[in-house]
Amino acid sequence: MTTAITPAEAGAAAPARRSARVSFAWLGIVPFMAFALLFLIVPTLQIVIGAFRDQDGAFTFANVLHLFQPSILSAYWISIRISVASALLGCVAGFFIAAAVSIGNLPRWMRGPVMTFSGVASNFAGVPLAFAFLATFGRLGLVTVLLRDWFGVNIYAMGFNILSFSGLTLTYLFFQIPLMVLIVTPAIDGLKREWREAAVILGASTPQYWRMVALPILWPTLLGTFALLFANAFGAVATAFALTGSSLSIVPILLFAQIRGDVLQDPHLGYALALGMIVLTGIANGIYIVTRSRAERWIK
Amino acid sequence: MAFLELSGVRKDFELVRVVRDFNLDVERGEFISFLGPSGCGKTTTLRMVAGFETPTAGEIRIAGRDVVGLKPNQRNIGMVFQSYALFPNMTVAQNVAFGLKVAGKPRAEIDARVAQMLGIIKLPQLADRYPFQLSGGQQQRVALARALAVQPQVLLLDEPLSALDAKIRVSLREEIRAIQKALGITTIYVTHDQEEALSMSDRIVVMHEGRVDQIGTPFEIYNTPATSFVASFVGTLNRIEGIIADPSAGTVRVGARDVAVASPLGARRAGEQVSLALRPEAVTLAPRPGQDVAIEARIVEVAFLGSVIRVRADIGGATITLDTFNSPASPPPRIGDAVTLHLSSSDWVVLAD
Amino acid sequence: MKRRSLWSWIVLVLAILYFGLPLLGTVDFSMKMRRGVYSLDAYWAVLGDPRFQATFLYSVVMACMTIVVGVLLVVPTAYWVRLKLPRWRPVIEFITMLPLVIPAIVIVFGYIRLYNTSSWLPLTGSALGTDALLTLGYTTLALPYMYRAVDTGLRTIDVATLTEAAESLGAGWITVMWRVILPNVLVAVLSGAFLTFAIVIGEFTMAALLNRPAFGPYLQLVGANRAYEPAALAVIAFAITWICMGLIQLVTRLQKHTMRV
Ligand SMILES: Nc1ncnc2c1ncn2[C@@H]1O[C@H](COP(=O)(O)OP(=O)(O)O)[C@@H](O)[C@H]1O
Ligand SMILES: [Mg+2]
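If you're matching them up, the sequences are chains A, B and C in order.
First residue of the first sequence: 1, per my numbering; consecutive thereafter.
First residue of the second sequence: 1001, per my numbering; consecutive thereafter.
First residue of the third sequence: 2001, per my numbering; consecutive thereafter.
Don't take each hint at face value.
List of simulated lysine to aspartate or glutamate pairs, EDC-like, C-alpha gap at most 20 Å [as the list claims (entries may be wrong)]: (1) Lys1101(B) <-> Asp189(A); (2) Lys1071(B) <-> Glu194(A); (3) Lys1071(B) <-> Glu197(A); (4) Lys192(A) <-> Glu1195(B).
Don't read these hints as lab results, they were simulated from the structure.
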């Protein structure tokens, strides 16, 4: 799954016009609502409800409880680790790039290309991204070979493997960092010069300004974006599948295999797996939306 | 020795000279305004005092100490910005406490000082509000309290009232001045609003294209402007072009008549062009004791402004604006009336331009 | 001043290394098919593969269908909500954001259960039905971007006034949409369309699970069985993404220029 930037808008709603026809105005959104119900909401509910049903359609917690078996728990655990790691590193790296572009005194013309590239890279996920990283960090990849031949560093001997936790995290960063850059650059731009100057003239050092003023102001944006990146990584199937096949047992791949009928015997366990995904990405996105609105209130 | 001294201060941005040869001595406790049109270098000068800009040349001393090499956070200066610049993530009390907290003051002292400052700005009930919950006027008062909480040596205000609406502007400027007097803090106040500068300041620095045109009390600035720029920028003014008739007698030919001018005409010679300035309130329609000049004129415009009636009268070759007080007993003059304008020859100001 | 820009240069160089090396590595790898020399053999092999042509064409058609369905669904809805149902906006916006919350794999899982051959609407029973289902699935994936783009575009024009002006001239509903609203949000629609194209063209999960011969599953297949071709395909895919983003920039700039007149 890829996520393009969604700049928040406090929309000035068109003035509501009262007319005699107003009672039938809802007819205008019937097609959209029908579409959303049939192809978004009902399919999802189908899964959610299925997670609490047994073979005969009776209510049960058994499926959800079955998630707590070692193989599935470990899949969730590694999924969460990869998502947290790639979101955290993506946030940190993206923050520094955004800060460099926004307030780092770089030549002004560099900003455009950086933002455009971020737009491209944040949408460059999926199978081709896996290929690119295999060609670069795989056993015969450019970087692997260069490091070995020029610097005598064998990263594979050091425990790195593109098909593992570290490799997947490194790969995910390719779309995580640019997404962070796209979201956080406007937020850093929003830091007013006067805030820094007011803090400094009151005696604060630059680190104090960042600790007491800038980072607290940015905090909702940072936390929200972290949650968004987490969900982004957690739901990513294609990159992981193309990179590792089914050798790395993470939740989306487990679910993929389950849907194809390869692995798990019990179809209702698949529902429970999917429910777990929805819950985790739902929580993450909930955090994103809540913190986002809080950040906007301040910046106003 | 003055408390705050600027001597020979200059600032160039790339090739543009924004402030040139700025000299100013500010006494302890004095309230100084920088007055001038936008872009004349007021903010730049203020920011050099604060330490956000480094002068290209010149010295800035506070209490005898050269501060040019010091960072802004080492200068012990308070600053208030046009945009308030309150920290949006902190409550009112936390904003006011910021400088004290950074200075590592003990908790109890901070709390006491914050309470005292909120009392001074008369907003103790808003201590736990966030800036976005305050009106502009309230925000600016909090910003003032924040700047003053650290007991700075000098207070700098950069157009602090420009973003507020007219009514609050007037009440807040009185409040700022009262607080400044009570604390006796040395203050520089930047504004492009002459009314603000005239009503608040001990002395005004009128700036024009990066230069200091005049430094003086509001009375001096208003009544004896040093340059034609000062004369035209501060207050309403009659500007009349004339030709010197007789330098020794002090007469200037305006249109077809000679008028007596008490100001020294200096080294000028007869036949030279000269600009004269005259405040509208110096001219009356009825003679007053001490007025020694009378000019025949015809009224061309009458504007009723409330307590004052503004009249424009043609004296042949020039138009003079004058203000008369409204009096319910006598009707205002009418257009076309022939009148006699009375003034004192010492009211004329010869502009140096 | 100097010190402040030093760290940003360091950050920038590190970023260029991280983002540049994979691209460089991929290009390098894609040209190593012939032993010892750089060649474009991998590209010729890929481009000459009939399955490449077939799947790519299939995905292009799917992308175009998705764009058409998306525009037909989103533009009238966003317009109508702005004009008549402003109170519904939060609800509609929430729905359009849902595909960011619900992973694609879950949505398609739901489709398989809901529209299988033994269900009330057996879409997956025929190739055509599955294609339609896939198009609709892609439409949900593109929904957040498409809706945002169009809604932002609508915000910049005064929908109510434009509509009243058109209606006072006797224009009907279709005419208002086609002749008045669409041209004014064309740039927004195009932006959404290019982004949709970039997302759909290499999409893997839905196509794979619905068993359609799309470009994404083909990529995965080649990746599992070949050495050099995947790198060539990655370069091609990256170029397509880049072109889509470039087109978005282009139309946005064009609009700014024409607006200034
Ligand atoms: N950082 C800067 N770089 C270049 N020119 C500047 C800079 N800051 C101010 N100026 C220029 O200096 C002049 C004076 O600006 P300023 O001091 O802000 O004027 P004022 O506060 O009186 O309106 C203006 O012409 C402005 O464009
Ligand atoms: Mg200014």
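Outcome of the hint check:
1. Between Lys1101(B) and Asp189(A), the direct Cα distance comes to roughly 27 Å. Violation of the 20 Å bound is thereby established for this hinted pair.
2. Proximity of Lys1071(B) to Glu194(A) is assessed by CA-CA distance (about 16 Å); at most 20 Å being required, the pair is judged to hold.
3. Restraint check for Lys1071(B) and Glu197(A): satisfied, since their Cα atoms lie roughly 11 Å apart, inside the 20 Å limit.
4. Proposed proximity of Lys192(A) and Glu1195(B) is contradicted: the alpha carbons are some 30 Å apart, above 20 Å.
Going through the hint list in order, the structure does not satisfy hints 1, 4.
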